[in-house]
Each structure stands twice: as structure tokens, then as C-alpha cells.
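Novice: Please arrange chain B on chain A, whose structure you already have, making use of the hints.
Going down the list, the sequences are from chains A and B. Each residue of the first sequence is one higher than the one before, counting from 1 in our numbering. Each residue of the second sequence is one higher than the one before, counting from 1 in our numbering.
If you are wondering where the hints come from, they were derived from the structure by calculation, not from laboratory data. We treat Cβ as the ideally placed atom computed from N, Cα and C, and that holds for glycine. There's no promise every hint is true.
Listed next, with one range per pair, are the computed distances between beta-carbon atoms [claimed, not checked]:
{"#": "1", "chain 1": "A", "residue 1": "Leu83", "chain 2": "B", "residue 2": "Gly135", "range": "46 to 54 Å"}
{"#": "2", "chain 1": "A", "residue 1": "Gly259", "chain 2": "B", "residue 2": "Leu53", "range": "22 to 30 Å"}
{"#": "3", "chain 1": "B", "residue 1": "Arg79", "chain 2": "A", "residue 2": "Gln268", "range": "28 to 36 Å"}
{"#": "4", "chain 1": "B", "residue 1": "Asp72", "chain 2": "A", "residue 2": "Thr205", "range": "35 to 43 Å"}
{"#": "5", "chain 1": "B", "residue 1": "Ser38", "chain 2": "A", "residue 2": "Met43", "range": "55 to 63 Å"}
{"#": "6", "chain 1": "B", "residue 1": "Arg79", "chain 2": "A", "residue 2": "Leu22", "range": "45 to 53 Å"}
{"#": "7", "chain 1": "B", "residue 1": "Asn157", "chain 2": "A", "residue 2": "Leu210", "range": "48 to 56 Å"}
{"#": "8", "chain 1": "B", "residue 1": "Asp72", "chain 2": "A", "residue 2": "Met41", "range": "25 to 33 Å"}
{"#": "9", "chain 1": "B", "residue 1": "Thr85", "chain 2": "A", "residue 2": "Leu22", "range": "53 to 61 Å"}
{"#": "10", "chain 1": "B", "residue 1": "Ile50", "chain 2": "A", "residue 2": "Ile202", "range": "42 to 50 Å"}
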Amino acid sequence: MADGTTHGRSILKDRTDERGFLVGFARAYGGAIIFVLPLTMTMEMWWLGFYMDPSKLALFLAASIPLLTGLAYFSGFKRTPRLLNAVVDGFVSLAVGFSTCAALLLLVGIIDFGMSLDEVVGKIALQAVPGAIGASLARSQLGGSAKKPGQSHSGQRETDPSDYFSELFIMTIGALFLAFNVAPTQEMVVIAFKISNWHVVILVTLTVLLMHAFVYTVEFKGQSSIPPHTPFWSVFVRYTVAGYAVALLVSVYVLWTFGRFAGLAPDQALQVVFVLGFPAGLGAAAARLII
Amino acid sequence: MPAVSGQTQERSKGREKPSDHPQSQAGGEKQPEQAGPSMWEWVVGVVGLILVLGAIGFLVYQAVSSSGRPPDIVIEVSRIERVSTGYLVELVVRNRGDQTASGVDVEGTLERDGSVVESSRIRFPYVPASSTRKGGLYFTRDPSSFTFTARPVGYQNP
Chain A
1 MADGTTHGRS ILKDRTDERG FLVGFARAYG GAIIFVLPLT MTMEMWWLGF YMDPSKLALF
61 LAASIPLLTG LAYFSGFKRT PRLLNAVVDG FVSLAVGFST CAALLLLVGI IDFGMSLDEV
121 VGKIALQAVP GAIGASLARS QLGGSAKKPG QSHSGQRETD PSDYFSELFI MTIGALFLAF
181 NVAPTQEMVV IAFKISNWHV VILVTLTVLL MHAFVYTVEF KGQSSIPPHT PFWSVFVRYT
241 VAGYAVALLV SVYVLWTFGR FAGLAPDQAL QVVFVLGFPA GLGAAAARLI I
Chain B
1 MPAVSGQTQE RSKGREKPSD HPQSQAGGEK QPEQAGPSMW EWVVGVVGLI LVLGAIGFLV
61 YQAVSSSGRP PDIVIEVSRI ERVSTGYLVE LVVRNRGDQT ASGVDVEGTL ERDGSVVESS
121 RIRFPYVPAS STRKGGLYFT RDPSSFTFTA RPVGYQNP
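Same shape as in the complex, but just chain A (with noise of 0.2 Å):
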């Protein structure tokens, strides 16, 4: 009986795995297409595949495999999430950002055949990662009921939840997405030049301000790995300000990589720099509420 019951248990797990990772995949495409149409109908977007510094890139889609894996890992619903299926998973993230910029590209008549090979590559490439971040998100939050094993109820990251660096982590994803949604458009460019020092001042406490305020969010919603009672200073420091530090590094590598500190002066480049905070702080700070 046990035999039995053990036996036909497995198969149709196996049968399950195969329709739920197919159901998992379809859903990865429409977090994909979501996460980076925005982008693919932004020109600048289509223009920095092209121009900018192809080692930059390559530095870029590296560093992306970490990442992809490491979002796959924190995120994952598996109870004892294993590095080599987070590895995986990321690989498969990446499979489909690619096929989904190429495809939307190629919808929009933005690469083409006939084009040379460095544009359509850099085209796709540049895109591809939002659009992987997208596929890894759909599969583990929009997940909604599905039969995971090990699953917890409320079904929060089964990752133990008092991990630090696990929610640093996610804050560098939240804000490394804003910032490459709004890093690529003149328009981040001319405001920096526009405002005023205290525009910025006030700017940045804004952004420390807001972001603690969705970090108490977190904690009433009980997801946070916070124990209660811990005093409003140790919350601020370890969480709000080390949240706002990670996102203008974020900045900064994004500004790097799309050459936006070409001939800038320091003062300039700093400005440019606090400006980007701004979104990729508080994409930082909603990121944990989200993911």
C-alpha cells in the first residue's frame, strides 16, 4: 500500500514538475515583458545598445549572473533553497530576457536583419537583464498557489528571514531596476543640471525619509526579519541608511556604465548622482516590501 501510494506519488510529481515548470516558464515570459517593454520603447535604451562601451556591457551581463542567481536564492520558494538550482534558475532568467527583448525588438522594428551585428547585439544584451530580473520575479511572486513543496503558508521567502545580507540584497535589485529605468533619458541629466544645491539637500532627506517610512511599512505588515521593539536608531542605521548607501552605489555603477560621467566635473557628477538616488532609493526601499 505504501509502495503503491509512494509510487504513484512520485510520478505524478514528476508530472506536476514538468506542467509546473512549463506554467512557471509562461509566467516567466510575462514578468519579462512587463518588467522591460518600458524600456524597449525608450530610445535611449535602443541608442546606449549601440554606443555605449562594449567592455561595460560585458561587465554588466557578468555581474548579471550573480545577481540573477542570488535573486533566484533569496527569493525562491523552496525551503532549503539549493545553489544549484538557483544557479539554474538564473541561467533560465537570463534565456528568457534574451528571447524576450529580441523578439520585442524585433516587433518594433528596432533591430532588423541587415543590421550589423554589434547593434543587434548590444540592443538585446543592454535589455536582456531588466528583462531576466522580470522572468526571475514573475516565478517566485506571482507563483500564487502553486503545489511548491515546502512552501510555508503564509508564503514568504522560505529563506531564513533574519538574514541581513539577504535583505540588502533585495534592496540592491529594487534599486538597481529603478535606477535603469530612469538612468538611460535626458531628462535625469538636464534636472541634475537645473536644480539648485538645496534642491538636492532636500532631495536627499526626502529620500532617507521616505525610505524609512516604507521600512516601518514593512515591519506592520510583520514580513520584516526586525524583531520587534528594536529601537528606532539600530532600524534607521542598519536598515534605512545602509539602503540609501547601496542605492547611490547603484547609481554610481548604472551613471558608470552608461557613460553618464563622461567630462563631468565632481561636483556636477555628484549631483547627477543623489538625483538617481532619489528612484533608486526608494525602489531599494520598495523592493523589500514587495519581494
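Specialist: Frame of chain A; chain B shown alone:
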């Protein structure tokens, strides 16, 4: 009788919710349920690996092999046709250098006996390295009865 139907019920319940079974029957044994990646995941994962490594390799090759030559704009005439406002000279603009040129101004002139009879110009927002862009110049006179020359006037670094 009741025992059999009870068992059938149990089995059908198990079929509907296979995830409950491992937790109730396997008890604290969560580790073995954590299967490795399925075959499909491996297949797609390898495709992803190939795409990423291919892209990185291509970009690194591009970065390394590029000699950093500035934009070198070359213009070809692809067609001349009659249009409602006069004549259209279709052009293909090619950048043979290694850097992208932005704001490329192209000027086309119709000359006879050394003097310029008519000139037109267009601007291409971007002409990437090793790539082409298409456009056209309108003239009121028939270009085939004059000497037509097109030349790049200037560009910006993006």
C-alpha cells in the same frame, strides 16, 4: 465496504493535493523533497548560458579588436526618383569607423561648371560604428543633369 471506499477517497484526495502528502507522510524529511532542477530547467538554463557567454564573448571581442578609429562616414547614392515636389536622391550612409557618430550632418550639392546650383542637407541622429543608416535629399532640379556630390559635414560624440 466502508474501508475500501475510505481508501479510494484517501487516494483521490492525495491525487488532488500531492504537495500535502509529502509534508504529512514524510514528516520532518524535507531535504529529499528538494529535487534538483528538472530536465527542462537544465535545457533552458544551458540555452541561457550559451546566450550570455556568447554575448559577453562578442562584446569583449568588440572591445579588444576595436582600434578606436573615429567615425568615418561614407555616403552612397542608392536611387534617384521623381517625386511630387521635385526629385529625391536616396542615400545610404555608412560609418566605417569604430565609434558611433551622433548628429551626423550630410550635405548634398548639385554643381555645374564648378558652381553650386542647389544644395540640401539632412541630419542623422545616430550612425553607429560599422553600421548604415538610410535617408534622402530632395531637389527641385533633376540631379542626373548636374554633378551630384554628397559629403558628411560634421558629427558629435554621443
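Novice: Quick one: are Asp72 (chain B) and Thr205 (chain A) within 35 to 43 Å, going by C-beta?
Specialist: violated, 50 Å
Novice: Ser38 (chain B) and Met43 (chain A), beta-carbon distance inside 55 to 63 Å?
Specialist: violated, 40 Å
Novice: In this structure, is the beta-carbon distance linking Asp72 (chain B) and Met41 (chain A) contained in 25 to 33 Å?
Specialist: The hinted range 25 to 33 Å holds for Asp72 (chain B) and Met41 (chain A), with Cβ atoms some 32 Å apart.
Novice: Between Arg79 (chain B) and Leu22 (chain A), is the Cβ distance one that fits in 45 to 53 Å?
Specialist: holds, 49 Å
Novice: Between the beta carbons of Gly259 (chain A) and Leu53 (chain B), is the distance compatible with 22 to 30 Å?
Specialist: About 24 Å separates the Cβ atoms of Gly259 (chain A) and Leu53 (chain B), which means 22 to 30 Å holds.
Novice: That 42 to 50 Å hint for Ile50 (chain B) and Ile202 (chain A) (C-beta), does it hold up?
Specialist: holds, 49 Å
Novice: Taking the CB of Asn157 (chain B) and the CB of Leu210 (chain A), does the distance hold inside 48 to 56 Å?
Specialist: Violated, since Asn157 (chain B) and Leu210 (chain A) (Cβ atoms, about 37 Å apart) do not stay within the stated range.
Novice: Quick one: are Arg79 (chain B) and Gln268 (chain A) within 28 to 36 Å, going by C-beta?
Specialist: Because 47 Å falls outside the window, the suggested range is violated.
Novice: I want to verify a distance hint. Is the separation of the beta carbons of Thr85 (chain B) and Leu22 (chain A) within 53 to 61 Å?
Specialist: holds, 56 Å
Novice: With respect to the beta-carbon atoms only, verify the hint that Leu83 (chain A) and Gly135 (chain B) lie 46 to 54 Å apart.
Specialist: Once the Cβ atoms are compared, 52 Å apart, the range 46 to 54 Å for Gly135 (chain B) and Leu83 (chain A) holds.
Hints 3, 4, 5, 7 from the list above are not met by this structure, while the remaining hints are.
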